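**Q** Chain by chain, the residues:
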Amino acid sequence: MELFIILTLFFMLVVTAIAILMMRHLFAVVMLSGVFSLLSALLFVTLDAVDVAFTEAAVGAGISTVLMLGTMALTSRNEKMPRDFSPIPLLVVIATGSVLIYGTLDMPIFGSPTSPALSHLATAYLTQSPHDIGVPNVVTAILASYRGYDTLGETVVVFTACVGVLILIGGLARRRRKDEEGTN
Amino acid sequence: MEFILGHLNYWLFIVLMMIGFYIVVARGNYIKKIVGLNVFQASVFMFYISIGKVDGGTAPIFPTDMNIDPNVVYSNPLPHVLILTAIVVGIATTSLGLALIVRIREEFGTIEEDEILEIESKLQAEENSAEGPAMGGRA
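In the order they appear, the protein sequences are chains A and B.
Counting along the first sequence from 1, when you hit position 45 you're at 45 in the working numbering, and nothing is skipped either side.
Counting along the second sequence from 1, when you hit position 31 you're at 31 in the working numbering, and nothing is skipped either side.
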């Protein structure tokens, strides 16, 4: 049953991704990327990652769609006709994909309770966090406490990105006004 | 058969990743490239989360009274934490990329890669013909 749900969601994801590839209306492309994020949020729920699912739904489908729509309004609404088909990107992608698939052959079976990812640290977090921290949601406990410095680093990255965006487009309105005065 | 079913998930996510990668490499419009990058990124997240899934497991949230039933299997919370961080960092880099696109559009008047390359090579040629001899032909 679970496999059926995963396969259905995966099919919808592939259709969305191919539609993104084919569409030339950027508005449709941006909306489809929101759909893609929502579908991946559904997939996260079936994979037991509920926290990731709602973050993806809020950030991936919400904020990033809004940002892309804003960029689209400031730039252009349509993609030009694609260049002539060239086989090089296709070859690169197929080569990368086959190398990655070759790499997965050594991986443990999906959902296997003996997979190395589940030994040591994960078990320790699951058994100790009720005593150490006492928060029912283990993900929150790890995020805010055991790996608090990670979260601090993440905040630094977000701050840096904010500063970068402000520097890049901060003077946009001012420059536009100057341009208009220059042309008049 | 068991091997194929057990690895099918990974392969499906890799197929999705490669569609995103193809959009980034083969399409010239910068907004579309960013969307392709997001598709790629979301597929990596799904791949990573699927490593933490345990058969018959449930979301790693204990009952509120903290009476933990030892028979309940919980999925691995660690990938979830790492991917939460990655999602937020991903939106930060996406917004920076979009800001760059706005600036590029302001300078070049277009966000199509081949048009920008054309303008660049024209500028380069002008510079070469104006200052080429003084710089030894490599201005």
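Hints are computed from structural coordinates only; laboratory data are not their basis.
Given the structure is predicted, the values throughout are model-derived calculations rather than measurements.
A virtual CB, placed ideally from N, CA and C, is assigned to each residue, including glycine.
A hint or two may mislead.
Stated by the list, open to error - Covered stretches of chain A, as calculated for chain B (at least 3 residues, CB under 8 angstroms):
1. 52-66
2. 135-141
To be verified - Sample of chain A residues facing chain B (criterion: CB under 7 angstroms; computed from the structure):
3. Phe27
4. Val29
5. Val35
6. Leu43
7. Leu47
8. Thr71
9. Arg77
10. Gly97
11. Ile109
12. Ala117
13. Ser119
14. Ile169
15. Gly171
Said to hold, decoys possible - Computed from the model, here is a short list of chain B residues facing chain A with C-beta under 10 angstroms:
16. Tyr10
17. Trp11
18. Leu16
19. Phe47
20. Asp55
21. Arg103
22. Glu106
23. Ala130
**Q** Each hint needs a verdict: does it hold in this structure or not?
**A** Now the hints, each set against the structure:
1. 52-66: holds (count 7)
2. 135-141: Result for this restraint: holds, n = 4.
3. Phe27: Violated - the Cβ of Phe27 (chain A) stays beyond 7 angstroms from chain B, reaching only about 10 angstroms at its closest.
4. Val29: Holds, about 6 angstroms.
5. Val35: violated (11 angstroms)
6. Leu43: Constraint on Leu43 (chain A) satisfied, holds at 6 angstroms.
7. Leu47: Nearest chain B Cβ about 5 angstroms off; hint holds.
8. Thr71: holds (4 angstroms)
9. Arg77: violated (10 angstroms)
10. Gly97: Result: holds, 4 angstroms to nearest chain B Cβ.
11. Ile109: holds (3 angstroms)
12. Ala117: holds (5 angstroms)
13. Ser119: This hint is violated: Ser119 (chain A) lies away from chain B, its Cβ roughly 10 angstroms from the closest one there, beyond 7 angstroms.
14. Ile169: At 5 angstroms from the nearest chain B Cβ, Ile169 (chain A) passes the 7 angstroms test, so the hint holds.
15. Gly171: With Cβ-Cβ at 10 angstroms, over 7 angstroms, it is violated.
16. Tyr10: Hint holds; Tyr10 (chain B) Cβ to chain A Cβ min 4 angstroms, cut 10 angstroms.
17. Trp11: Nearest chain A Cβ about 6 angstroms off; hint holds.
18. Leu16: holds (6 angstroms)
19. Phe47: Check passed: Cβ of Phe47 (chain B) comes within 9 angstroms of chain A, closer than 10 angstroms.
20. Asp55: holds (4 angstroms)
21. Arg103: With Cβ-Cβ at 5 angstroms, under 10 angstroms, it holds.
22. Glu106: holds (7 angstroms)
23. Ala130: violated (24 angstroms)
Going through the hint list in order, the structure does not satisfy hints 3, 5, 9, 13, 15 and 23.
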